[in-house]
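Join the two chains into one complex using the hints; note that each chain is given alone, in its own frame.
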Amino acid sequence: MIPILLLKDGGLVKTTKFASPKYVGDITNVVRIFNEKEVDELMVLDIEASAQRRPPNFELIRRIAGEAFMPLSYGGGVRSVGDAQRLLKLGVEKVALKTGAFERPSLVREISDAFGAQCVVGVVDVKKSFWGKYEVHSHTRDSAPEPSPVRWAERLVREGAGEILVQAVHRDGTMSGFDLDLLRMFDGKLSVPLIAAGGASDLQSMRAALGACRLSALGVGARFVYHGPHRAVLVSYLSAADLDSLQRVTR
Amino acid sequence: MTMITVVDYGLGNLGSVLNMFRKIGAEARLSEKPEDIDRATALVLPGVGHFDEGMRGLRERKLVEPLGIAVRERKVPMLGICLGMQLFARGSEEGREPGLGWIDADVKKLVFPEGDRRPIPHMGWNDVVATEHTLFRGLERGARFYFVHSYHVVCEQAEDVAATCSYGIDVTAAVRHENLMGTQFHPEKSHRFGMKLLGNFVSSLSPEPASARA
Numbered sequence: 001m002i003p004i005l006l007l008k009d010g011g012l013v014k015t016t017k018f019a020s021p022k023y024v025g026d027i028t029n030v031v032r033i034f035n036e037k038e039v040d041e042l043m044v045l046d047i048e049a050s051a052q053r054r055p056p057n058f059e060l061i062r063r064i065a066g067e068a069f070m071p072l073s074y075g076g077g078v079r080s081v082g083d084a085q086r087l088l089k090l091g092v093e094k095v096a097l098k099t100g101a102f103e104r105p106s107l108v109r110e111i112s113d114a115f116g117a118q119c120v121v122g123v124v125d126v127k128k129s130f131w132g133k134y135e136v137h138s139h140t141r142d143s144a145p146e147p148s149p150v151r152w153a154e155r156l157v158r159e160g161a162g163e164i165l166v167q168a169v170h171r172d173g174t175m176s177g178f179d180l181d182l183l184r185m186f187d188g189k190l191s192v193p194l195i196a197a198g199g200a201s202d203l204q205s206m207r208a209a210l211g212a213c214r215l216s217a218l219g220v221g222a223r224f225v226y227h228g229p230h231r232a233v234l235v236s237y238l239s240a241a242d243l244d245s246l247q248r249v250t251r
Numbered sequence: 001m002t003m004i005t006v007v008d009y010g011l012g013n014l015g016s017v018l019n020m021f022r023k024i025g026a027e028a029r030l031s032e033k034p035e036d037i038d039r040a041t042a043l044v045l046p047g048v049g050h051f052d053e054g055m056r057g058l059r060e061r062k063l064v065e066p067l068g069i070a071v072r073e074r075k076v077p078m079l080g081i082c083l084g085m086q087l088f089a090r091g092s093e094e095g096r097e098p099g100l101g102w103i104d105a106d107v108k109k110l111v112f113p114e115g116d117r118r119p120i121p122h123m124g125w126n127d128v129v130a131t132e133h134t135l136f137r138g139l140e141r142g143a144r145f146y147f148v149h150s151y152h153v154v155c156e157q158a159e160d161v162a163a164t165c166s167y168g169i170d171v172t173a174a175v176r177h178e179n180l181m182g183t184q185f186h187p188e189k190s191h192r193f194g195m196k197l198l199g200n201f202v203s204s205l206s207p208e209p210a211s212a213r214a
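Those sequence lines, one after another, are chains E and A.
Residues 1 to 251 (the working numbering) make up the first sequence, in order.
Residues 1 to 214 (the working numbering) make up the second sequence, in order.
Simulated from the structure, these hints should not be mistaken for laboratory data.
Glycine is no exception: its CB is placed at the ideal position from the N, C-alpha and C atoms.
Warning: the hint list may mix true and false statements.
[Claimed, not checked] Rough simulated footprint, nothing fancy, chain A against chain E, three-plus residues with beta-carbon under 8 Å:
| no. | region |
| --- | --- |
| 1 | 35-46 |
| 2 | 66-72 |
| 3 | 87-93 |
[As the list claims (entries may be wrong)] Where chain E lies over chain A, by a calculated footprint (3+ residues, C-beta under 8 Å):
| no. | region |
| --- | --- |
| 4 | 11-19 |
| 5 | 119-125 |
| 6 | 183-194 |
[Said to hold, decoys possible] In silico DSSO-like cross-links for lysine-lysine, where the CA-CA straight-line distance does not exceed 27 Å:
| no. | chain 1 | residue 1 | chain 2 | residue 2 |
| --- | --- | --- | --- | --- |
| 7 | E | K133 | E | K189 |
| 8 | A | K33 | A | K109 |
| 9 | E | K89 | A | K33 |
| 10 | A | K196 | E | K89 |
| 11 | E | K89 | A | K109 |
| 12 | A | K108 | E | K89 |
| 13 | E | K17 | E | K189 |
| 14 | A | K109 | A | K75 |
| 15 | E | K128 | E | K189 |
| 16 | A | K23 | E | K37 |
| 17 | A | K23 | E | K89 |
| 18 | E | K37 | A | K196 |
| 19 | E | K37 | E | K8 |
| 20 | A | K75 | E | K89 |
| 21 | E | K127 | E | K22 |
| 22 | E | K8 | E | K22 |
| 23 | A | K75 | A | K62 |
Isolated chain A (complex conformation) (with noise of 0.2 Å):
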């Protein structure tokens, strides 16, 4: 069993993250140590808030380097949620801080066509519709998540995108990118449909299929 560190930068509602892969039965710990992160072999990084209160909270407690060591070179499965996975991009229009720059995405306000006035930030129940089959088995349709955030993730791939949600536009909901994955929702909020996510990314972090550990 993997053990799942889940990075305290300072940012988030660690509580539930953790509660619902106990829930899920996976092992989680705490740590905003950067050598916990050098040991890591599956990290989560949570968030809600301002990008560069993030990038601040990570500079802060040296995570920076670490985690970007873990993910890039040891390949690391990372998972973020909300602002963890806005900052994997390049920079956010939220603010000046860079961001980690691990894909060749940015992250933009949420703007809406002429005259759709509806309310920001997203906040509430969506509808999702994946095309990643690892983190979103059994959820590729029908799937609904709890979203609340007035910046969104804008990929330069299209294969980086995972899954989309319509909120006035298109929005990606989720990225992948090899080793890395992201929410812009809350699993940790979203019941049955966040469970069932997460124990995919559990899942997905097995070396071999439990019938071969008897």
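Chain E extracted, bound-state conformation (with noise of 0.2 Å):
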């Protein structure tokens, strides 16, 4: 169970189906709140960094892993490797990639080859066309040399991401479930341990997306940020009860 903790202009944010950003707190506070949840991994995703073509920021990434007793995983305008070994020398577990891979599928391959497959997550966003039909998401005006999602996530795996994160961007922020026909797509293609995100609601959806595809660990966002009908800011994670009773359902 992996909290996704979103980052623009410095802060903490959520989206809803990847827009309208709304400010959720500061981030080293909600890591330490984690810490103390005793979250056992943790994604921080840089929202803006390749729509404005930055690299990632950093100084707040060391301030980050300085703060989390546990392991973390960065992405957000990461394009060379080069930006790779900086996070990983600042105490960043694992490097996510999707914009950089777009332009450059050899990148996953250099910073793989670099630093060991384990280091890289391939971040495979994806919407649903009008028509119902799921393809791979962009932020920015790069687009996947590969539309379908699991095509794309083959590929990226071929290149040596040593872990895939599949989010539902129809889903994301919404807590109305994971896209469980989307994880059926996924179940059993991939070499690699698959993440899902995007949805993630009661113990119920989590269930329900554990059943739907083999899958490593979930991805959450909105829900360990808010609590209740009017969306306050509450940070939470899961019980070991609840976790616990999670383990048990596999495929």
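Spelled out as structure tokens, the structure:
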């Protein structure tokens, strides 16, 4: 169960369907709260670095990595092996690539060869077209060389990604449940661990996702930062008992 | 309160280590100066990266001798983390440099039984079983820590092995030899388990119990 935290303007935000980012709080404070909750892994994504064509905010990432008492994945604006190296030296365990890989799929290969596949997470954001077709989503002017989400994921794995994160854009921030059809499309297709995100709501939604596809983890955003129908900010996690009950659902 | 000197030799994520010590109320500072090592009363050697890079980092900063004197002559308590612990050994299959040679151990590549094709590095949380009771007090069973490594320490003396984990084979998770302690895993990435372990390290530094200080 991996909280996915989104960075914008140096602050923590939450989006809905990858739009309308709302400020949630100071990211280092939220990381400290997740320390208390004994979260096993954290993912931080800078949602505008690539769109603004700027590199990662290394100073902020250094502070976040210093506060995190669990392994950290970071994505957003990583465009070179040098960027990845700097991140890993700052205490980030894994580097996530999305737009960087659209522009140059060989970037995945270069980072994977330099630091190991286990350091590279390939991010596949998926949107549903008007006709109900699944396509790889981009939030910049670059687009994926391959529009099919499964085939793009397979390409990323071939280039050396050690893990794939599939995010359903249309479920993001909605807490309306994971897109199970999308997950079923991916089941058994990849030779590397798969994380699913987009739509986590209650335990039942999480069980359903784990039942639809062999997953190594669920990525959770809104569900861990909001509470109640009015989306009051409240950082939460799952109890040990709830986590335990989910461990028992496997494909 | 003993000041903990965390050795900065150019490798490793020092921020988390310092922060975790501070979080548990210990005083910790970073240093790469031989004179600070000479005066240190408690040491931590962190580290992530290649064995040879680690030894070179220590040598370039002229830290090998002061560390050796601190650990072997002054018997200063020393905690090695990940690569830091591996450097205590005589050498590593990863590189060509000799290690510090403070324990009778060698660092070997992780190799699994025939047919077992699990990924290297060993990366992720794993259960640890401890037989040592100072560093691991309260953590002997049920403790989990975060590991990232492709090489592991193989001790000649069984009594130097403080804790083990299982990853295809039995892997040394921690060592203890008198004032020398080391963990293959990252306490600073293992939230409450790491905090408990570092807390135990700090407690082991006190010459007398808290009540006697009143």
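Agreement of E:K127 and E:K22 with the hint, judged by alpha carbon distance not exceeding 27 Å: The given pair, whose Cα atoms are some 21 Å apart, holds under the 27 Å limit.
Coverage of the region 119-125 of chain A by chain E (three or more Cβ within 8 Å): Per the Cβ count (4), the hint holds.
Pairwise hint evaluation, E:K8 against E:K37, where the allowed Cα distance is 27 Å at most: holds, 24 Å
Given pair status - E:K89, A:K196, alpha carbons within 27 Å: holds, 25 Å
Given pair status - A:K33, E:K89, alpha carbons within 27 Å: holds, 21 Å
Hint consistency between E:K89 and A:K109 [alpha-carbon to alpha-carbon, up to 27 Å]: holds, 22 Å
Given coverage of the region 87-93 of chain E by chain A, checked by CB-CB distance under 8 Å (3 or more): holds (count 4)
Satisfaction of hint between A:K109 and A:K33, Cα-Cα up to 27 Å: Not OK: A:K33 and A:K109 at ~32 Å, beyond 27 Å, violated.
Hint consistency between A:K23 and E:K37 [alpha-carbon to alpha-carbon, up to 27 Å]: holds, 15 Å
Proposed proximity, E:K89 with A:K75 (alpha carbon, max 27 Å): Not satisfied, since the Cα-Cα distance of roughly 31 Å exceeds 27 Å.
Given pair status - E:K189, E:K133, alpha carbons within 27 Å: holds, 19 Å
Pairwise hint evaluation, A:K196 against E:K37, where the allowed Cα distance is 27 Å at most: Status holds; Cα separation ~15 Å.
Taken one by one, the earlier hints fail for this structure at numbers 8, 14, 20, listed in ascending order.
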